[in-house]
Structure formats: structure tokens, C-alpha cells
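Participant: With the hints as constraints, model all of the structure from the sequences given.
Heads up: the sequence lines are chains B and C, in that order.
Residue 5 in our numbering is what sits at position 5 of the first sequence, and the numbering runs on without skipping anything.
Residue 100 in our numbering is what sits at position 100 of the second sequence, and the numbering runs on without skipping anything.
Hints may be right or wrong, so weigh each one.
[As the list claims (entries may be wrong)] Facing chain B, a subset of chain C residues (Cβ under 10 angstroms, in silico):
id, residue
1, 13
2, 14
3, 34
Think of the hints as simulated: they come from the structure by calculation, not from any bench.
Every residue, glycine too, gets a C-beta built ideally from N, C-alpha and C.
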Amino acid sequence: MPAKGYIIVNELYCKACELCVTDCPHEVLALDMERLTSRGYHPAHMVKPEACTACSICAVVCPDAAITVHRYEKQKAEG
Amino acid sequence: MVVTDIPTKIVYERPEALDPRVTHYCPGCTHGVAHRLVAEALDEMGEVENTIGVASVGCSVFAYNYFNIDFVEAAHGRAPAMATGIKRVLPDRLVFTYQGDGDLASIGMGEIVGAASRGEQITVIFINNATYGMTGGQMAPTSLPGQVTSSSPTGRDVTRQGHPIQTAELLSTLTGSSYIVRRSLHNFRETRRAKKAIRTAFEVQKQGLGFSLVELLSNCPTNWGMSAVESRDWIEERMLAFYPLGDYKVSSAVADIKI
Ligand SMILES: Cc1ncc(C[n+]2csc(CCOP(=O)(O)OP(=O)(O)O)c2C)c(N)n1
Ligand code: SF4
Ligand code: SF4
Ligand code: SF4
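Facilitator: Have a look at this one:
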């Protein structure tokens with residue numbers, strides 16, 4: 001199933017607590033072990049973006065209000 | 001990858017009532033969730049300009065830095081008294097306290113019982129994390145039987161140190177209280193329910209229906225000595241048994257509120 005949206009993690013706020021990673025029902029998220037934020041945390045990022053349903057669960061459980069959730073608008077049928 | 005040329009609608013973003021600065025809270029601490037829920041409720045109600053918060057002493061002592069609203073800081077345990085004074089002088093303002101369990105249920109127990117019994121038109125956001133977080137994880141009145149803390153290294157012994165204080169139940173017995181509920185921040189579903197309760201509590205005050213308090217089961221991964229994920233499981237597996245979620249007092253006028 002194609003993605004219904006995507007999330008943006010504001011890395012200023014992310015503290016790598018992993019609550020979003022644990023709670024995403026579709027295993028879309030993981031901590032990015034290749035990178036560090038300016039505060040020294042491995043930020044959450046999307047590893048399976050095609051599975052995101054824009055359900056907002058990750059954003060609701062994030063203690064640092066780091067996540068913005070975008071949902072794709074319905075496309076008009078072609079022709 | 002993320003397709004960015006398709007138009008999108010933002011379905012969740014940082015509330016405006018929350019200040020842009022980064023909090024000092026430990027990673028995974030649900031103080032941050034509680035802050036965000038309060039901010040969302042104020043945004044939705046259009047009360048940002050009209051609200052005065054009263055911070056307490058504890059990890060949330062700097063709460064005044066984290067909201068884009070007027071805020072004062074009370075002496076330890078005295079936030080309900082300060083809120084009482086502010087609300088009586090400025091009755092058209094929305095006034096709330098934000099207090100931890102050490103602040104509210106220990107040094108401040110007299111203040112909260114007094115404010116509730118007088119039916120003060122204030123709202124209390126009460127964070128129950130079963131410990132004194134700020135000072136290093138000492139036993140709180142809310143610590144569970146057997147809970148190991150830095151001041152009860154062999155576990156809370158109820159025969160010597162008493163039983164956990166169930167604040168929502170206790171305050172609900174007072175005639176003066178109008179809306180007393182307990183919610184939890186340990187998962188998505190309960191966090192959504194907590195948000196609705198906070199919104200309802202503010203609505204109670206706006207409509208002049210009396211004293212409202214939302215107790216929120218919260219975590220302290222740092223002093224509980226576990227990861228943030230484990231700490232939420234601890235709330236679910238250990239705290240819920242002593243602190244059942246529910247509506248402990250909903251006065252008849254409050255029951256008619258529709259959100
Ligand atoms: C008059 C006074 N007594 C004691 C203290 C020490 N003290 C600071 S915070 C605190 C308890 C905080 O615990 P809680 O209210 O549960 O908040 P948390 O830090 O867990 O969020 C205590 C006892 C103080 N600051 N002032
Ligand atoms: S829940 Fe928030 S702070 Fe925690 S890892 Fe996810 S984005 Fe970062
Ligand atoms: S919006 Fe839902 S599906 Fe998408 S990353 Fe967040 S929790 Fe996962
Ligand atoms: S010490 Fe505990 S209550 Fe305080 S910020 Fe850290 S995790 Fe939160």
C-alpha cells in the first residue's frame with residue numbers, strides 16, 4: 001500500500017527516546033545511528049516511508065513535540 | 001522516499017501555545033507530553049492570551065519557560081493558594097496550576113485540599129510519577145508499596161511509611177470539587193483521553209462550574225532507572241493497579257459539557 005503521508009522530525013527537539021519508534025504500528029521509524037543532532041542525539045527518522053499511514057500516533061506520544069505529520073491530499077481522478 | 005510534490009495537509013504539528021525552546025526534561029519524560037496537551041487545549045479554545053499558569057517546585061519548576069502564556073512560579077506546594085489569589089482578582093482569566101506529586105500530595109497537601117474544599121474556580125494539572133524527580137528520586141507519598149527509591153533502598157514498607165495516597169479519590173470526596181479524573185500518559189490511546197480530560201477541566205472553569213483536577217500517571221525514567229519505553233510499561237503494569245483510571249467526580253452541571 002502506498003504511503004498516505006509522511007512525518008518530519010524537527011531535530012532541534014528530538015531526544016532519541018524511541019517512544020515514536022516503539023509505538024508506530026507500521027515500523028516506519030528508527031533512530032538514525034549514522035547521525036547526531038546538535039545536542040548529541042541519534043534522531044528518529046523514517047526507514048519505511050512507504051508504510052506511513054499519517055495516523056499521528058508517533059506525534060501524540062512524542063514528549064518533545066518534535067514531529068509534524070503530513071497527509072497527502074486526495075488526488076483528483078485523471079482524465 | 002517521501003514524495004513531496006503531492007499536496008499535503010498538516011494533520012499534526014507543535015501547538016502554538018508551546019514555546020519554541022527545547023525543554024530541560026530527560027529524554028522520554030512525559031512531563032513534555034503533559035505540556036503539549038495543555039498547550040493544544042489552550043490553542044483549540046483560543047485561550048492563549050487569557051490564561052495564567054502557576055508552576056510548582058519539582059522538575060516542572062521551569063514550566064513558565066515552555067508556554068507562550070503568562071506564568072508565575074509558586075513556593076513549594078503553594079500553587080493552589082497562588083492560583084486562588086490570581087483567580088479571585090482576575091476572575092475572567094483561565095488559571096491553572098501544574099504540580100508534581102511531591103509538590104501537591106506532600107508539602108502541598110493542605111493547600112490542595114483547601115482549594116478543592118472551597119470550590120475555587122481553578123484547574124489543576126497533577127503529574128503523578130510516584131517519586132520526587134527533581135531531587136534525585138526519593139520516595140513520594142505516591143510511591144508504590146515495595147517501590148525502591150533513593151530514600152527507600154529496600155522498598156517502601158507500608159507498615160512504616162504508609163500507603164500510597166490516591167489523590168483523585170481523596171479530593172473527589174470533597175463537596176467543593178466539581179471535576180476530578182485520573183488519566184495516564186503511557187500510550188497513544190490514554191494520551192488522547194488525557195487531552196480530552198484537560199480540555200474538559202478548562203471548560204469547567206470557563207463555565208464557572210468549580211474546581212477541576214486532572215491527575216496524570218506519568219513516568220520518571222531517570223530515577224526509576226529504566227529506559228523511556230520500559231518506564232511506560234511500568235506505568236501500565238505497576239501503577240494502574242494502585243491508581244485506576246477513571247472519572248472520580250463529575251458534578252451534574254459538568255456532565256452536560258460537550259466537547
Ligand atoms: C520548601 C522546600 N522543601 C523541599 C524542597 C526540595 N524539593 C525540590 S523539588 C521536590 C519534590 C519534587 O517532586 P515532584 O513534585 O513529584 O515533581 P517531579 O520533580 O517528580 O516532577 C522537593 C522535595 C524545596 N525546593 N523547597
Ligand atoms: S518520540 Fe520524539 S523525541 Fe522521542 S525519538 Fe521520537 S521524535 Fe525523538
Ligand atoms: S504517522 Fe503513524 S504510520 Fe506514520 S510514522 Fe507516525 S506512527 Fe508511523
Ligand atoms: S528527573 Fe524524572 S521527572 Fe524529572 S525530567 Fe527527568 S525523567 Fe522527568
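Participant: Does each hint hold? Answer for all of them.
Facilitator: Status of each hint after checking the structure:
1. The criterion of a C-beta within 10 angstroms of any C-beta in chain B is met by residue 13 of chain C, whose closest approach is roughly 5 angstroms, and the hint holds.
2. Among the interface hints, the one on residue 14 of chain C holds; its C-beta lies about 4 angstroms from the nearest C-beta in chain B, closer than the 10 angstroms criterion.
3. Taking 10 angstroms as the C-beta contact cut-off toward chain B, the hint placing residue 34 of chain C at the interface holds, the least distance being around 9 angstroms.
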